[in-house]
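Enquirer: Each chain is listed here by its residues.
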Amino acid sequence: MTRRERDERAEQRILARLANLGDPEPPSDLVDEVMREVALRHLGSAREIALILAASAVALAAIATAIPVAPALADWLSTFGRIALLAKVGTTIAGTLLSGWAAAAFGLLLLGFTVTLLGLKGVAR
Amino acid sequence: MHVAALTLRGGWLSGAAREEAVDEPRAAQRGDRGAYAALVRRHQRAVHGLCYRLLGASDEARDAAQEAFVRAWERLGTFDASQQFGPWVMRIAHNVAIDRLRRRGRVVLQDEPQAGSAETDPAGALDLERAIAALPPSWRAAVILVYVQGRPVREAAGILEAPEGTVLTWLHRARHALRERLEP
Chain A
1 MTRRERDERA
11 EQRILARLAN
21 LGDPEPPSDL
31 VDEVMREVAL
41 RHLGSAREIA
51 LILAASAVAL
61 AAIATAIPVA
71 PALADWLSTF
81 GRIALLAKVG
91 TTIAGTLLSG
101 WAAAAFGLLL
111 LGFTVTLLGL
121 KGVAR
Chain B
126 MHVAALTLRG
136 GWLSGAAREE
146 AVDEPRAAQR
156 GDRGAYAALV
166 RRHQRAVHGL
176 CYRLLGASDE
186 ARDAAQEAFV
196 RAWERLGTFD
206 ASQQFGPWVM
216 RIAHNVAIDR
226 LRRRGRVVLQ
236 DEPQAGSAET
246 DPAGALDLER
256 AIAALPPSWR
266 AAVILVYVQG
276 RPVREAAGIL
286 EAPEGTVLTW
296 LHRARHALRE
306 RLEP
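Chains as they are written, first to last, in the working numbering: chain A, 1 to 125; chain B, 126 to 309.
If you're looking for bench data, these hints aren't it; they were derived computationally from the structure. Virtual Cβ for every residue (Gly too), placed ideally from N, Cα, C. Treat the hints with caution; some may be incorrect.
Here are the computed distance ranges between Cβ atoms for each label pair [what the hints assert, rightly or not]:
no., chain 1, residue 1, chain 2, residue 2, range
1, A, 112, B, 203, 24 to 32 Å
2, A, 4, B, 224, 34 to 42 Å
3, B, 151, A, 13, 41 to 49 Å
4, B, 159, A, 1, 21 to 29 Å
5, A, 9, B, 259, 20 to 28 Å
6, A, 39, B, 259, 17 to 25 Å
7, A, 112, B, 157, 27 to 35 Å
8, B, 148, A, 8, 39 to 47 Å
9, B, 298, A, 42, 41 to 49 Å
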């Protein structure tokens, strides 16, 4: 038998052993652990959405209160100033309470409120 | 026959099995956690097996497998449901295990061969495990996917994100290294 033939046979034996090796038994609670973590992540997303809605409601209430109560403040601030102030407040709140896409969504929502309010104010004038 | 076995041993699926395997990822994508649990149950052995043989430590392999499945859940939106779920989640598991391996830099091998091995000789199984563990990670991953799990080279190449020719080279070198170690 040539060396090459010996090597080929040795490789065939090793391949047969590898095929018989199989995968080890996974931990019995792996599925439960994964699904628990998935549920936690799902809960985390729901909490973030709830937080966005709550923060948006607070922001809306604050704006609705501030407009009739402090018209002087609204007049005092230029249009750009109002947007900048709200953006700053929004960013601070979002940065403190939220993270990632939730902060971005909150910022967009706040910007939407601002633009709408400015639009309404323009219509009123 | 179990779907996992069909998928692992050549990628062939019967009509009913294919329907099940295609429907479950779609249901999971719609937020059906029961369907996702079924997917995890079906692929846990292969995912854990890859992590175990890449990382060598059962605790870390378990954590890596869990991380892979959670990451897959978070990325389900990017999964093409017309494709097989198995290779997709295996690619994620491979990336998770390689990241952990890079952070740690070495392999810890169990003293005892894990349950599930069909090797009749425990010492022989341990020798084989040690020989696999001594291979570079890319060769090792290729050996596990193709020779241990029985996947086609093309599928293994997709999981390892490498050209088929490269995977064939890794397998050739791995066979040579294993032969040198096990049958010098």
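Enquirer: Give a verdict on every hint.
Expert: Verification of the hints:
no.	hint	result
1	112(A) x 203(B): 24 to 32 Å	holds (28 Å)
2	4(A) x 224(B): 34 to 42 Å	holds (40 Å)
3	151(B) x 13(A): 41 to 49 Å	holds (44 Å)
4	159(B) x 1(A): 21 to 29 Å	violated (57 Å)
5	9(A) x 259(B): 20 to 28 Å	holds (22 Å)
6	39(A) x 259(B): 17 to 25 Å	violated (40 Å)
7	112(A) x 157(B): 27 to 35 Å	holds (32 Å)
8	148(B) x 8(A): 39 to 47 Å	holds (44 Å)
9	298(B) x 42(A): 41 to 49 Å	holds (44 Å)
Hint compliance for this structure: hints 4, 6 are broken, all remaining hints hold.
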